[in-house]
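Colleague: Need the complex rebuilt from these two chains, each delivered in its own frame; the hints are there to steer you.
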Amino acid sequence: MRVVHYLNQFFGGLGAEEFAGATPEVREGAVGPGRLLEQLLGEGAKVVKTVVAGDNYAVENLDALAALVVKEVREAGGDLFVAGPCFQAGRYGVAAGAVCAAVQRELGIPAVTGMGLENPGVDLYRRDLYIVDSGGSVAAMREVLSRMAALAHKLLSKQEIGSPAEEGYFAHGLLRDAFVDKTAAERLVEMVYAKATGAPYESELTPTVFPAIPAPPPIADLSRARIAIVTDTGVVPKGNPDKIAPIAATNWGSYDISGVDDLRGEDFEVSHRGYDTRYVTEDPDRAVPVDALREFEKQGVIGKLHDRFVSTSGMVNPLANSRRLGREIAQRLKEEGVDAVVLVSA
Amino acid sequence: MRLTLAIHPIEELRFGEATRLDGTTLAIDQEELRRLLLADGGLESVDLEVVRPGERCRFGAVFDVVEPRAKEPADGADFPGILGPLRLAGRGTTHVLRGAAVSVIQDGSAFGRVIEMSGAAGEASPYSRLHHLVVVPHPRASLPRRALMRALRVASLKAAVYLAKAALGQEASTYEVYECGGPAESATPGVPRLAYIGQIHSFQMVAEPDEPIFYGSNTIGMAPAALHPNEWLDGAIVSSYFNLGVETYFYQNHPIINELYRWQEEGKVLLTGTVATMAASDNRDRERNSMIAAALAKWNLAADAVVLTKYGGGAPHADMGLTARYCEELGIRTVVQVSDMSTDRSAESALLFNYPEVDAIVNVGRGDTLQWVAPEVERVIAASAGAAASLASLERLTAGSVCGVTGQQGLSRLRSFVY
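Chains D and S, in that order, give the protein sequences.
In terms of our numbering, the first sequence has 140 at position 140, counting the first letter as 1, and numbering is strictly consecutive.
In terms of our numbering, the second sequence has 167 at position 167, counting the first letter as 1, and numbering is strictly consecutive.
Hints in this document: simulated from the structure, not taken from any laboratory.
Be a bit skeptical, because a hint or two may be false.
[Stated by the list, open to error] Examples of chain S residues toward chain D, derived with CB under 10 angstroms:
#, residue
1, F203
2, E259
3, L330
4, R333
5, V335
6, I361
7, N363
8, V418
[As the list claims (entries may be wrong)] Some chain S residues close to chain D (C-beta under 10 angstroms, calculated; not the full set):
#, residue
9, L36
10, R193
11, M205
12, P209
13, W263
14, L308
15, S342
16, V358
17, A360
18, V362
19, G367
20, D368
21, R413
[Said to hold, decoys possible] With a cut-off of at most 27 angstroms between alpha-carbon atoms, the simulated DSSO-like pairs for lysine-lysine come out as follows:
#, chain 1, residue 1, chain 2, residue 2
22, D, K195, D, K158
23, D, K243, D, K334
24, D, K298, D, K243
25, D, K154, D, K46
26, D, K334, D, K304
27, S, K298, D, K195
28, D, K182, S, K268
29, D, K46, D, K158
30, S, K268, D, K195
We treat Cβ as the ideally placed atom computed from N, Cα and C, and that holds for glycine.
Chain S extracted, bound-state conformation (with noise of 0.2 angstroms):
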């Protein structure tokens, strides 16, 4: 299966007359995007804002970051099962305005997490290198959680499929190919089958019964799948709603994916897939999903040894080791990625296994111990008056509280140390 992204790097963002992609600057029609987001319904109003790279400016809660992209249209469908039909991901030519991204606020959030685009705190996040269409939306008052957060959902993807579509018909200025030919591809002797297994969703919160992560399923009572690396690139994943520093921009730039197909190009290593499994709020799911994940990397990916990595905190760190014993089990080696859960800082407690065959560790370690002082802004975008004046009174940002640093898709560039 073979990928093509067409990219048009973007240099300036700006509003204007008609959305349209002159070289390097993206003009957009406000009131036509903004018609786009209002239709469904579930928005009262939709505030758009424009950000540069390394403004003086601070935004959030950031509900998700999304790459603006759009699919060639006899290629496929662009986000399958939410926005499009259930096309399969991750074929033909995808066009992606590279440099830009659509960044949607929501009021107030358990975990706050803002992007900077300035300071020490902006350059430790690649997502202050990127220009930012901010949307703002404001839900109607009366709706649920399950409609608000779907409208969220819904403008976000809208909105980043709009803008990317002004680059259909150009030309790009580079293409990447994805390519890899999966498990029924022989690898040369000495050089390993690689394959990565990734949860997308966590049962510790029960996802809503309409919340789309995977091609626009919500996960619950699906057992784990077998996945070309290309379908998390094209759309087929989305962050869901209760997450732990994963953005939706990081799957289609998945750090991971992106890095074993960077040693596959070299000739080192062998990507014969992935599968996408979810950590489990009962012992029965666990065990299960566990056990299947495993197993698919083992005969149907035929890999010798996998990538693991987890989607939020406590009992995925759990799933996520136990997975990785059956994988050990079944002669696959693993390593995996945890964000330590040691609230004392001792290393003993950092994690929730205990399985001496899972001994090959990157520790991401917890994000609220390294800290900044907050930069001063000049522009502070939120959803509301009172949301604005506590983002600009912030005095210290923690690397966890600032989206781009952190997370569990593997960009990030926190190490712990045991002293």
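Just chain D, same shape as in the assembly (with noise of 0.2 angstroms):
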């Protein structure tokens, strides 16, 4: 097993913070930690070369680092790849966790990091990477080092690899389904009588952790603002033309309504699978008001509704695609000097 390992100044012996503007380094074998690596990942198993970085050199330069560490494992033929561990040292976390991603992702080979659970590369790499929970302390640099192997040799050896707790690794927040002994009946009373009588209870899901997104001002003068209707009923023009998905959806359309002052069912169809959609397909004007709206126009509540609408499906739609879409969709109307909206959900 040929090993390339990653390493910062400080623990590639170059010195401490004054060494953090250090151009990437390459050496020959094992080096530092790596010695120990070595012997922890058993016979047969080499570390044939160290980069090492400064800190500082490595965030400034991600990109450029990791291109030369994919070049470095790529020519040394390496079979694993590993970073750190790198503690609480955030720089070196998020270092650790650019490069680890890159060699697995151009070289297909499996790489494996160490980091402190308040070490910023955590957030960043936990999904895509296996990083080992190190804790804080440098002092159990074997315990975690002999960890990090174990999982290197499931990975090189494509076995199963076991839960987070079991394996110590931080979850990728990824969700597998399995069958258990206890029926979710069993299940959901064993926890409901822990929760009463104040003892402990492990849920089968954490609930995720929003940061808020703070609201603008409100608008000053409705009867000067350009207003856009978006929605996520999943009203389209007859045919679909952006084909956007009823479940899940991955994009969004823009549609126009110059001159309309009423959506009529024949020109618009419902993609979303989550409702009941014959009242809204009989009328669009119930998910885009168009009417509702235009109305408001003439009497000048409103300065202007915006000429076009904005159209995707909410149904069961994950986060990461709800994010961009959202950013898009804000972007553009931004863009197009529209100054609220209003927002039909299904």
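Modeller: Okay, structure coming up:
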């Protein structure tokens, strides 16, 4: 097994913070913790190359560093790539995550790293990489490296990887189904009993924490504002020109309504599987209220109804899609001079 | 309120001269049953088949599965409000043909769930261990959906009651007693008072005007109702036409209500009651139903903690979350059961609510991720030759497509793990 290892200036033996700007050096064989890694990986394992770079250099030149590392691993005929462990060193973690992700993506060989929970590299790369939980203390080096080595062996021999708790890595945040002995009813009552009596319980899912999005200031004068309709009800022109999927849509469409006072059922269809679409199909204004907003426009309540409405299907969309769709739509409306939107949900 | 289930174990179903329960063998007079099912006029004809546990047989698409049960005539009505007159369900004695089921097939179905009687897929479902009378109704071609579905519903319940009436007047082999004193009962200190809040319909797909779900009502316009747990078990509620893995059989044998009763028998909890609620299709109903369901659990059931389940997919999921939040706000601890909504299998997309206090979650997964090679079958039962051919040619079966493997009533052994 040919192993390539990445270390920062400190673990690579260059020195402390004053060497954080050090440009990458490629050394033959194992350096520092690499020696222990080699030993823990067992017979037949050899750290053939070690790349060492300063933390500041690394985070300021992530792409160049990743390209260099990929090149070195390729030339060395590496079977496995290891970075760190980085513990709580933030810049080191970010660099280790980036080079591991690049090696894995470009060369298709396993990459393993280790970090502490607070390391920003964890949030950035946990979904794509196996990041062993190193904790914060460098004193645990041997233990962390041996878990990284065990995981590496499993990845190399394509064995099934156990749960994050069993193997000691940070959950990728991906769900995998399995049959268990207990029925859901048994699990529910056990859990409710524990929660009711103040005993500890382990939820089978942890709610995601979302950063708050501050609301923009209110529109000062609605009678001068340009208002757009945005909907996730899946209302699209007949034929669904943008082929918006009825479930987990990956795109959105923007459709001309200039000069239209009232949407007619025969001109539209609905691409959405989550609600009874008969009423919207009959009268699309129920989801895209052009009729009501035109009325407001005539009365001067609003300045102008924007000439295009935006539509997608909001049916069980993964957040990754939703975030991107939301950003794209907001960006476009901003460019088109829209002041406010009426969001019509299914 | 006390419900006694008189259990008559069934080890064989067969067609015979007269419908008669002889020990553990039920003989069925096909002609009499057929006449009964055709009497309403909605069906042109009906096929009846008997299927044994473990038989290399597959049938579908399943409209519903019902356990054959019949009330002692003086103790109430069979499926009150649908078949029988409106009488309070959940009291007196009900005869049960345990080990038997009436399974009704429909032609094609949006979800196309099957019952698989053999192989690994069969073993994963309790339905493979039952003796089924498979009813294949052929409705009149001219029927609008509303009348067609009503005909299937009535046929499924009538057949189930008809079979179980053979047990009336016979000594049962065992008697199961379901009794809870309700909210008036005082709990021993340290014993939590528990309730169940279950959705029984989702207005995502609007119920037909005469669709019977709750004591014969279609639930539209209905506010959440506090029910005795026995009412669920004894025919007050049947599955709606649009359902994602809810069968009447598991209302009659409700895994969550049974489990709560089991804990109560062990003296660990006090079951104070249940709330039946609906997932809404607009915000006003959503707030109202969630709020009232939580308030019923608090002020009428005096619950310390509740288990909540949903009915269907996304909107019900969000409504269940909101109901749980209102419960927590009133000081009631909650546990919810979700089937996750992550089309990309990311944990962050699995929940359709985000309330820090609703933090106790059982996740029965998606049901389409685990699958089996479809076992070879010798017999396929479906409503048409086309449907039979497509069932026979199935190569793989997902967990969610096999009745009894996944579902929202607490029977699922599926669990989603975060990796």
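Colleague: For every hint, state whether the structure bears it out.
Modeller: Cross-check of the supplied hints:
A cut of 10 angstroms between beta carbons decides the hint on S/F203: the least distance to chain D is about 8 angstroms, and the hint holds. With 10 angstroms as the threshold, the beta carbon of S/E259 comes within range of chain D, its nearest partner Cβ sitting at about 4 angstroms, so the hint holds. With its C-beta approaching chain D no nearer than about 14 angstroms, S/L330 sits outside the 10 angstroms limit, and its interface hint is violated. With a least beta-carbon distance of about 5 angstroms to chain D, the hint placing S/R333 at the interface is held under the 10 angstroms criterion.
Because the closest C-beta pair between S/V335 and chain D is about 4 angstroms apart, less than 10 angstroms, the hint holds. Look at S/I361: its Cβ gets to within about 4 angstroms of chain D, closer than 10 angstroms, so that hint holds up. Hint status for S/N363: holds, given a least beta-carbon distance of 4 angstroms to chain D, under 10 angstroms. The criterion of a C-beta within 10 angstroms of any C-beta in chain D is met by S/V418, whose closest approach is roughly 5 angstroms, and the hint holds.
Nearest Cβ of chain D to the Cβ of S/L36: about 34 angstroms, over the 10 angstroms cut. The hint is violated. The beta carbon of S/R193 is positioned within 10 angstroms of a beta carbon in chain D (closest approach about 8 angstroms), and the interface hint is therefore held. Because the beta carbon of S/M205 sits about 5 angstroms from the nearest beta carbon in chain D, less than 10 angstroms, this interface hint is met. Taking 10 angstroms as the C-beta contact cut-off toward chain D, the hint placing S/P209 at the interface is violated, the least distance being around 14 angstroms.
With a cut of 10 angstroms, the hint placing S/W263 at the interface with chain D holds, because the nearest CB-to-CB distance is about 6 angstroms. Restraint check, S/L308 versus chain D: the minimum CB separation of about 9 angstroms is within 10 angstroms; hint holds. Given the 10 angstroms rule on beta carbons, the hint for S/S342 holds: about 6 angstroms separates it from the nearest Cβ of chain D. Residue-level restraint check for S/V358 holds (minimum Cβ-Cβ distance to chain D is 7 angstroms; threshold 10 angstroms).
Look at S/A360: its Cβ gets to within about 5 angstroms of chain D, closer than 10 angstroms, so that hint holds up. Hint on S/V362 holds. Least Cβ distance to chain D is approximately 5 angstroms, under the 10 angstroms limit. The criterion of a C-beta within 10 angstroms of any C-beta in chain D is met by S/G367, whose closest approach is roughly 8 angstroms, and the hint holds. Residue-level restraint check for S/D368 holds (minimum Cβ-Cβ distance to chain D is 9 angstroms; threshold 10 angstroms).
A cut of 10 angstroms between beta carbons decides the hint on S/R413: the least distance to chain D is about 5 angstroms, and the hint holds. Distance restraint check for D/K195 and D/K158: the Cα-Cα separation of roughly 40 angstroms exceeds the 27 angstroms cut-off, and the hinted pair is therefore not satisfied. Distance check on the hinted pair: D/K243 and D/K334 sit about 24 angstroms apart at the alpha-carbon level, within 27 angstroms; holds. Restraint check for D/K298 and D/K243: not satisfied, since their Cα atoms lie roughly 34 angstroms apart, outside the 27 angstroms limit.
For the hint pairing D/K154 with D/K46, the CA-to-CA distance comes to about 17 angstroms; that is within 27 angstroms, so the pair holds. A C-alpha spacing of about 15 angstroms is found between D/K334 and D/K304, which places the hinted pair at or below 27 angstroms, so the restraint holds. For the suggested pair S/K298 and D/K195, the alpha carbons sit about 17 angstroms apart, so the restraint of at most 27 angstroms is met. Simply put, D/K182 and S/K268 have alpha-carbon atoms about 19 angstroms apart, close enough for the 27 angstroms limit, and the pair holds.
Taking the CA atoms of D/K46 and D/K158, the gap is about 20 angstroms. The hint holds against a cut of 27 angstroms. Proposed proximity of S/K268 and D/K195 is supported: the alpha carbons are some 14 angstroms apart, at most 27 angstroms.
Going down the numbered hints, you'll see the structure goes against 3, 9, 12, 22 and 24, while the others check out.
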